[in-house]
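Engineer: The listed protein sequences correspond, in order, to chains A and B.
Using the working numbering, the first residue of the first sequence is number 1, and each one after it goes up by one.
Using the working numbering, the first residue of the second sequence is number 1, and each one after it goes up by one.
Read the hints as simulated data drawn from the structure, not as lab findings.
Idealized CB from N, CA, C, for every residue including glycine.
Just so you know, not all the hints are guaranteed correct.
[Unchecked claim] These stretches of chain A come out as covered by chain B in the derived footprint (C-beta under 8 angstroms, 3 or more residues):
#1 112-125
#2 170-184
#3 223-234
#4 300-310
[As the list claims (entries may be wrong)] To give a feel for the contact side, a few chain A residues facing chain B, derived at Cβ under 10 angstroms:
#5 79
#6 80
#7 435
[Claimed, not checked] Negatives, chain A to chain B, calculated, CB over 10 angstroms:
#8 102
#9 142
#10 156
#11 287
#12 319
#13 461
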Amino acid sequence: MAHSPLRRTGRAVLALLTATALISGCGSGPDDGGSSDALDAPGAEALGDGRTTVEFWHAMKGANAAAVDKLVADFNAANGGKVEVKAVYQGNYDETIAKYKASVQQKNTPALIQVYDIGTRFMVDSKQVVPMHRFVEKDGFPLADIEPNIASYYSIDGKLWSMPFNTSTPLLYLNKEAFTSAGLDPTKPPKTLTEIGELAKKLTVKDASGKTTRYGFGAAIYGWLLEQLLATDGKEYCDNGNGRQQLASKVQFDQPAAVQVAQWWADLVKNGYATNTGRKTDDAQAAFKAGTVAMHLESTSVLRGYVDAAAGKFTVLTAPYPKISDASTGGPIIGGASLWINGVGHSAAEKRAAWEFVKFAAGATPQAQWHTGTGYVPINVKAMEQIDKAWTEKYPQFRTAVDQLHALPPSVASAGCLLGVMPQARKASEDGLEAAIVGAKPADQAMKEAATGVTAAIDSYNKSVR
Amino acid sequence: MSPPLVVERSPSGATTTSGPRRERALSWLLLLPSVAVFALFIFWPLGRTLYLSTHGNDIFGAPGAYVGLDHYADMFSASFAGILATTALFTLISVLPAVLGALLVVLLLESRIRGVRVLRTAFALPFAFSVATASVVFAVIYNPAIGIANGLLGAVGVDRVDWLTDPSIALPAVGAATVWMNLGYNVLVLSAGVAAIPQEVVEAARLDGATGWRLATGITIPLLSPQLFFLVVVSTIHALQSFGQIHILTKGGPDDATSTLVYSIYERAFAYGSSDFGAASAQAVVLLLIMLACTAVQFGILERRVHYR
């Protein structure tokens, strides 16, 4: 009996599907989700003869997205079609992690994802990822090449969980001409908050009618800046050793040092020596770029944009991030974002392919390109050797960030707080700072209420991952 | 329960049920698409929201253990009362000026001056802007460093205003942006209403000597009352649901001054790495109840004064 045309079509479709599965090597059956070896690190043999395609979710836009695309294109070209990475932009860091949460529920995670520093604890607790140290051990990857201060953020009990990717440090930005016209020496930048306060008074300029045309100080009400100040003061942001001994149970941004920061900031605004541009970093950046602010706190990652925007108007200078007091001996936290490899729901070939890309991206040459293309600090200690002299001379300000990084003594405080609800904690600290700055509440009360407000979220998070 | 059976007796004496039954089946069949759409996009999400509002969440946001009415009980707090007060104030300052302002514009445009068509188009233009676009424009206007608003004030010698960073000014500033956004639509609706007023009524009034204010309060406004009522109801619902302008301009700040109920729902569910869908759903249910109550009250009180022709 002859086959019916319908059955023949069905068989052809089946054959085609099988062939596609074989070619793409995406043999991620449902059976390897949740099995014990889903979180193992496979060796190079796992790639087999086929071609493995993996998705890479990232949160980079603008010039940084172009740098990601170039990195991915270089990697794909170097691997001659055996491994192919597809970079997919998923919105900002918050949006990326929100989509990741949805993808875990739908059992459809990408093999590789870029997550911000404050998502670290969540990623560990998600139980979806292959700890990076397993790949490092498998391949004998030279971990000494990775900046130790950066690696410490993403390490728990000395084990690396994710590969640092883009790293920025905070800086003090100065408007050189504002200093010279006020008769101040721009080569002697302020080192403490008190010094910034004193200089801010001298740098504030008013016109004949009494209107302020330039403020001494201005920065976004951005929780990250407070985290950095506490770290430079050697203070831990959350309990249980910054959440590194065991799960943190509360945040500590109501401690005296943090209240001191809030009070200092509120006083500057109240006295008219600082402008309050709100929480949006864009608005604070616009104020500095417009020359209406003489001193400013921001990340290294905006330096390139500042230098370009100020061209012909004023000179951008950078100085090490200030400390709370002369007695402060710590350094800032080296955060940014890192790369995570998902194990659950992914085949050995996919996991291996993701690792191949991670290994490549962490290399000295790609990191050197990444640094010059974006302004992020290279995570590979050998990358700076690869950067050509001409570029370093053109942007001497970048030196500040790298020097600051190397001068840093690694400590529990500068490793940063590991907290499952860290993004909410950061937002709460901004609530506290803002309430103090706009004068709605006294600084100590504002910070106290903000800190205790996070406890319920921490409790419910800790309960659900225990 | 037995279905009502319609039995008809045909002239020949034989019973038949096929006619009406077929008709009823047909009516259900015709209703099916809209019922399906409602079920899929309204009733199922509503049921799901109620379900989520009584459950906890794991760290990925998947519903967890049953928590009863805990999420609702959590709302009896000072901070949630503040959110409700902000929501009410925002609704008030964005609905009333937009409706009354549009009425004023439409009445003024009644006068027979040259270029009134151009003006009418100009006033209706905000309707063509999406909330996101208009909000971005207002973000530039209010910008603390390079904003046009402070630039203009500076030019006439007035000190700068912290439009979006002063807690007492931020809500009116966002409200003003919302009024501008809604004005166009309101002008459009009221213009159509004015155009539909029978000319003979107006002429009769004019013959009796009514002009200007008298004509407006005696004839035009009463005859516009169905449109005004419609605008108040719809704008209130819109104001309660406002999200885009708050998200783009203030993100609920400063010091929670613009944190409305919808924004709080968003923050609970999605912002800052949060995935507390349980608490967010409970707040969404409260929002639904508030909107139902507002609409019911408006129908109960305002509609009595509406003059339908």
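Engineer: Please verify the coverage claim for the stretch 223-234 of chain A: does it have three or more residues whose C-beta sits within 8 angstroms of some C-beta in chain B?
Structural biologist: Violated: only 0 residues of the stretch 223-234 of chain A have a Cβ under 8 angstroms from chain B.
Engineer: Regarding the assertion that residue 156(A) does not contact chain B, is the least Cβ-Cβ distance greater than 10 angstroms?
Structural biologist: Residue 156(A) clear of chain B: closest Cβ-Cβ about 17 angstroms, beyond 10 angstroms.
Engineer: Within the stretch 170-184 of chain A, is the number of residues with a Cβ closer than 8 angstroms to a Cβ of chain B three or more?
Structural biologist: Per the Cβ count (0), the hint is violated.
Engineer: If you count the residues of the stretch 300-310 of chain A with a beta-carbon closer than 8 angstroms to a beta-carbon of chain B, do you get 3 or more?
Structural biologist: violated (count 0)
Engineer: A cut-off of 10 angstroms on Cβ-Cβ distance, and residue 102(A) was said to be off the interface with chain B. Does that hold?
Structural biologist: Answer for residue 102(A): violated, closest chain B Cβ roughly 7 angstroms.
Engineer: Taking 8 angstroms as the C-beta cutoff, is the stated coverage of the stretch 112-125 of chain A by chain B satisfied by three or more residues?
Structural biologist: holds (count 4)
Engineer: Against chain B, run the beta carbon of residue 79(A) and see if the smallest gap drops under 10 angstroms.
Structural biologist: With Cβ-Cβ at 32 angstroms, over 10 angstroms, it is violated.
Engineer: Please settle this one: residue 461(A) was flagged as non-interface, so is its CB more than 10 angstroms from every CB on chain B?
Structural biologist: violated (6 angstroms)
Engineer: Tell me if residue 435(A) is really an interface residue toward chain B, meaning its C-beta lies closer than 10 angstroms to one of theirs.
Structural biologist: holds (5 angstroms)
Engineer: Does residue 80(A) pass the interface check with chain B, least Cβ-Cβ distance below 10 angstroms?
Structural biologist: Since the shortest Cβ distance to chain B is 37 angstroms, the answer is violated.
Engineer: Decide, holds or violated, for the assertion that all CB atoms of chain B are farther than 10 angstroms from the CB of residue 287(A).
Structural biologist: Residue 287(A) is in fact no farther than 10 angstroms from some Cβ atom of chain B, at 4 angstroms.
Engineer: Examine each Cβ of chain B, and state whether all of them lie more than 10 angstroms from the Cβ of residue 319(A).
Structural biologist: holds (22 angstroms)
Going down the numbered hints, you'll see the structure goes against 2, 3, 4, 5, 6, 8, 11, 13, while the others check out.
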